[in-house]
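Q: This is what each chain is made of:
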Amino acid sequence: MKDTEFMKRIEKYRHEFYAFVQRNVWNQSDVEDVFSSAVLSAYESRRNFRPQSNFRAWMYKILVNKCFIANREKRDVSVDAGALDAQWLADESKTPNHIIEDPERLVRECPDEVLGALSRLRTIERSCLLLLSLGGYSYSEIADIVGIPVTSVTTHLARGRAKLRRWLIDYAKEYGLRRRAIVDRHDRSQEMKGGSDG
Amino acid sequence: MDKGDILKRMAYIDEQLEGDELKEFERELSEDERLAIVAEKRLNTCIIETIKQAAEKCPDPLWDKVVSDLQDRTSYGGRLALRLLWLHWEPGLGLAAAVALVTAGIFFGKWIWTEDSASRPASDSTISVSPQVSKRLALLEERTEHCLQKSKVLLLALANFDPQTDDAMTLNLPYQRQISEALVKETSYLKSELSEPAEKRLQDLIGDLEVILLQIANLEDEYDLEAVEMLRSGVNKRGILFRIDLSQMSGRMQDAFQDKTPKATNSSQI
Chain Z
128 MKDTEFMKRI
138 EKYRHEFYAF
148 VQRNVWNQSD
158 VEDVFSSAVL
168 SAYESRRNFR
178 PQSNFRAWMY
188 KILVNKCFIA
198 NREKRDVSVD
208 AGALDAQWLA
218 DESKTPNHII
228 EDPERLVREC
238 PDEVLGALSR
248 LRTIERSCLL
258 LLSLGGYSYS
268 EIADIVGIPV
278 TSVTTHLARG
288 RAKLRRWLID
298 YAKEYGLRRR
308 AIVDRHDRSQ
318 EMKGGSDG
Chain A
13 MDKGDILKRM
23 AYIDEQLEGD
33 ELKEFERELS
43 EDERLAIVAE
53 KRLNTCIIET
63 IKQAAEKCPD
73 PLWDKVVSDL
83 QDRTSYGGRL
93 ALRLLWLHWE
103 PGLGLAAAVA
113 LVTAGIFFGK
123 WIWTEDSASR
133 PASDSTISVS
143 PQVSKRLALL
153 EERTEHCLQK
163 SKVLLLALAN
173 FDPQTDDAMT
183 LNLPYQRQIS
193 EALVKETSYL
203 KSELSEPAEK
213 RLQDLIGDLE
223 VILLQIANLE
233 DEYDLEAVEM
243 LRSGVNKRGI
253 LFRIDLSQMS
263 GRMQDAFQDK
273 TPKATNSSQI
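Those protein sequence lines, which keep their order, are chains Z and A.
First residue of the first sequence: 128, per this note's numbering; consecutive thereafter.
First residue of the second sequence: 13, per this note's numbering; consecutive thereafter.
Next comes chain Z alone, as it looks inside the complex (with noise of 0.2 Å):
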């Protein structure tokens, strides 16, 4: 690839970039300079790109083998469905509504929660979210830019998400948020017996 269309295509996904690796590295003095040690090393590799392949996928591997160090963890290619607690992953998979009845507000409400909620997950679950989330690729594209199978995939977005819902769920208990619901429901239901008495 030449130098000229490497910058015009790094240039078009900059902002997107920059979000993957702000929200994925922990330490938040460290996204410049990982976001820029990315770029610099994609630009020297850039020989290696193949044309007919798709740079922005080529780049995200970059950056999340980039996020993996800079978090100082190892990427664990080993886990796949099998390494599931199916138990486990049934109960936290519950519906939320018997216990958040209104999501939308609980999320409006705490969004600092739910990025501080993320920024708990391991680096791999927090990738694959992020790419599912911020990169809108499919299973198989996660599993190919962060080089595990896709069985692996399913299996840290089922805990990543199960995890991000029992910390939300908790936040909502302690803050009273899940409370409200209910006395909501409650009101709601007094209003409609009222208004049937009436």
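Just so you know, the hints here were simulated from the structure itself, not pulled from any lab data.
Beta carbons: idealized from backbone N, C-alpha and C, even for Gly.
Treat each hint with caution, since some may be false.
Pairs of lysine-lysine, DSSO-like flavour, derived with a Cα cap of 30 Å [unchecked claim]: (1) A:K197 with A:K147; (2) A:K64 with A:K77; (3) Z:K135 with A:K212; (4) Z:K139 with A:K64; (5) A:K69 with Z:K139; (6) A:K249 with A:K212.
Stretch-level coverage of chain Z by chain A, calculated; a stretch enters the list once three of its residues show a Cβ under 8 Å from a Cβ in chain A [claimed, not checked]: (7) 167-174; (8) 188-200; (9) 241-249.
Model the placement of chain A on the given structure of chain Z, informed by the hints.
A: Structure of chain A alone, referenced to chain Z:
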């Protein structure tokens, strides 16, 4: 609900099911399950939206700096500097430059060392430390030297590997990864122990070394030549091998200097 059902349900929420699989899944859903999935999807959508909304743009000053760094590398001056650094220039000239650099380094180091030792007060060389501390320091020094030596051998194999001509099998990456993992543990320990201001240079070296070792430990594919190339470039860019050599040389000079100084009888001296 078994694992397969849970994962399929998740794939449905993420809109990853297609065609017949999707139709079959939807057909088998009961009304309760459908409601549950809708609730879960709502929560997931909210989380994803929050992440998307919080995504910050790349700051312009940072982008300007990255562009400037890239331009430096593409300019003639930048290319020349890089070639000199990476010894990608004419092999003979590159080698001569490296030899000249090492010689200058030794000469300069020797000069500083002599100056430093000549001006050092006599009492400095007779600060006594307890045998336990001395033993600990000796052990730390030994572990540092061992770690550096092992890393050097590992990195040399990588630095000498030529993807154009050598077979990836010759690198034996699974073995390299195993060694790197062990060395990462060692570097973490050394980083915590080397806390003296005088050991700053060694700390930096160990820190950079740790990053490279982590990269090797994280290599997932033994034929990933692109990653190997990036690693080689990282080793060269940070001058890791050169710095290990300097550190080892400085250690040997220190030993030689200590051998010449009179030794204490009761306690060790530094």
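Q: Now tell me, hint by hint, if it's right for this structure.
A: Here's how the hints hold up against the structure:
{"no.": "1", "hint": "A:K197 with A:K147", "result": "holds, 22 Å"}
{"no.": "2", "hint": "A:K64 with A:K77", "result": "holds, 25 Å"}
{"no.": "3", "hint": "Z:K135 with A:K212", "result": "violated, 40 Å"}
{"no.": "4", "hint": "Z:K139 with A:K64", "result": "holds, 18 Å"}
{"no.": "5", "hint": "A:K69 with Z:K139", "result": "holds, 12 Å"}
{"no.": "6", "hint": "A:K249 with A:K212", "result": "holds, 20 Å"}
{"no.": "7", "hint": "167-174", "result": "holds (count 5)"}
{"no.": "8", "hint": "188-200", "result": "holds (count 5)"}
{"no.": "9", "hint": "241-249", "result": "holds (count 3)"}
Violated hint: 3 only; the structure is consistent with all others.
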